[in-house]
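Q: In order, the protein sequences belong to chains P and S.
If you read the first sequence in my numbering, its first letter stands for residue 1, the second for the next number, and so on.
If you read the second sequence in my numbering, its first letter stands for residue 1, the second for the next number, and so on.
Hints listed in this document are in silico derivations from the structure and should not be mistaken for laboratory results.
Model, not experiment: these values are computed from the prediction.
Ideal placement from N, C-alpha and C gives every residue a C-beta, glycine not left out.
Don't take each hint at face value.
Sample of chain P residues facing chain S (criterion: CB under 8 Å; computed from the structure) [as the list claims (entries may be wrong)]:
(1) Ala31
(2) Lys32
(3) Tyr35
(4) Thr38
(5) Ala59
(6) Gln97
(7) Lys101
Label pairs and their in silico Cβ distance ranges [to be verified]:
(8) S:Ala163 with P:Glu73: 42 to 52 Å
(9) S:Ser30 with P:Ala72: 42 to 52 Å
(10) S:Val101 with P:Arg90: 45 to 55 Å
(11) S:Gly152 with P:Ser43: 48 to 58 Å
(12) P:Ala45 with S:Phe46: 20 to 30 Å
(13) P:Phe44 with S:Gly152: 33 to 43 Å
(14) S:Asn143 with P:Ala45: 37 to 47 Å
(15) P:Gln97 with S:Val101: 28 to 38 Å
(16) S:Val157 with P:Arg90: 24 to 34 Å
(17) S:Trp3 with P:Leu107: 42 to 52 Å
(18) P:Glu18 with S:Ala34: 15 to 25 Å
(19) P:Val99 with S:Leu98: 22 to 32 Å
(20) S:Val155 with P:Glu18: 32 to 42 Å
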Amino acid sequence: MARRDDVADLDEFGRFAEPALLILVSLADGAKHGYAITEDIASFAGVRFGPGSLYGAIARLESRGLIEGLEAEDRRNPYQLTAVGEKALRARLASMQVVAKVGQRRLASA
Amino acid sequence: MTWLIRLYPPAWRRRYGRELAELIATQPASFGTAIDLVAGAVDAWFNPQSSTAATAADAKGAGTMLPRMLQLRCAGHGPNVTAEDTRKAALVMLGGTLALVLALMWGRVRYGGGPYFDSLLAVSWLVPTVLSQRYTSLKGRSNRVQAVLIGGQAVIVIAIALAAAWFNTVI
Numbered sequence: 001m002a003r004r005d006d007v008a009d010l011d012e013f014g015r016f017a018e019p020a021l022l023i024l025v026s027l028a029d030g031a032k033h034g035y036a037i038t039e040d041i042a043s044f045a046g047v048r049f050g051p052g053s054l055y056g057a058i059a060r061l062e063s064r065g066l067i068e069g070l071e072a073e074d075r076r077n078p079y080q081l082t083a084v085g086e087k088a089l090r091a092r093l094a095s096m097q098v099v100a101k102v103g104q105r106r107l108a109s110a
Numbered sequence: 001m002t003w004l005i006r007l008y009p010p011a012w013r014r015r016y017g018r019e020l021a022e023l024i025a026t027q028p029a030s031f032g033t034a035i036d037l038v039a040g041a042v043d044a045w046f047n048p049q050s051s052t053a054a055t056a057a058d059a060k061g062a063g064t065m066l067p068r069m070l071q072l073r074c075a076g077h078g079p080n081v082t083a084e085d086t087r088k089a090a091l092v093m094l095g096g097t098l099a100l101v102l103a104l105m106w107g108r109v110r111y112g113g114g115p116y117f118d119s120l121l122a123v124s125w126l127v128p129t130v131l132s133q134r135y136t137s138l139k140g141r142s143n144r145v146q147a148v149l150i151g152g153q154a155v156i157v158i159a160i161a162l163a164a165a166w167f168n169t170v171i
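Assemble the whole structure, with the sequences as input and the hints as a guide.
A: Printed below as a string of structure tokens:
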């Protein structure tokens, strides 16, 4: 039940749901600033979000406490996952894994 | 292209403006980036985020996590729209559309119609929808902000409709 709540948390992001999820994944291995997040997402997902979409998602994630800004370094503000963000990301990935397994199983038996 | 950051709300610019400018500077200027920034600015005005709220960095332990999540969920949910607000918004949308359609139909009969009446009829549902934002996405905003945003959108919708009608008459 708790997992459903976490998943719904990202669903509320509307058109920012996909960038929000990819930002969380990008931050899963450590803090990054906006440019590094953009490059990282482009490298593992093949998607390059515009600056407006990226910061729209970052603002939502930060306001919901899923990520937090760190002290600026070299005029750039890195962001890192919070405990809540990590929990939400784990829940979302687990949910996606279930859907992927079901899909693959059905395709295999089709 | 960093001048487009001026379209964002002041509080948003104070929080993210410098970072956004840095990111824009790393990308080649393009029409797509401009559209993305304008869309982001519109979103920032209509869906203000409470990014200045306390983050979950101090949420250590399961005992504090759930209350923190619930608190943040409410804080980030935008205006507190009640069922009554939803009813009011629906009433404005339906009643406004009906009133506008009737008024424009009367105008067509009275003045013989034409492309301008037809064009306004086509957007007669859109203007009340814009007005209904007073009870939904713009709830809690000051009267001045509501007037500027709702009035601005309504003027743009009507201007586009009239421009389309004019274009139709000259081609």
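Q: For which of the previously enumerated hints does the structure constitute a violation, in increasing order of number?
A: Hints 1, 2, 6, 7, 9, 11, 15, 16, 19 are the ones this structure does not satisfy, whereas the remaining hints hold.
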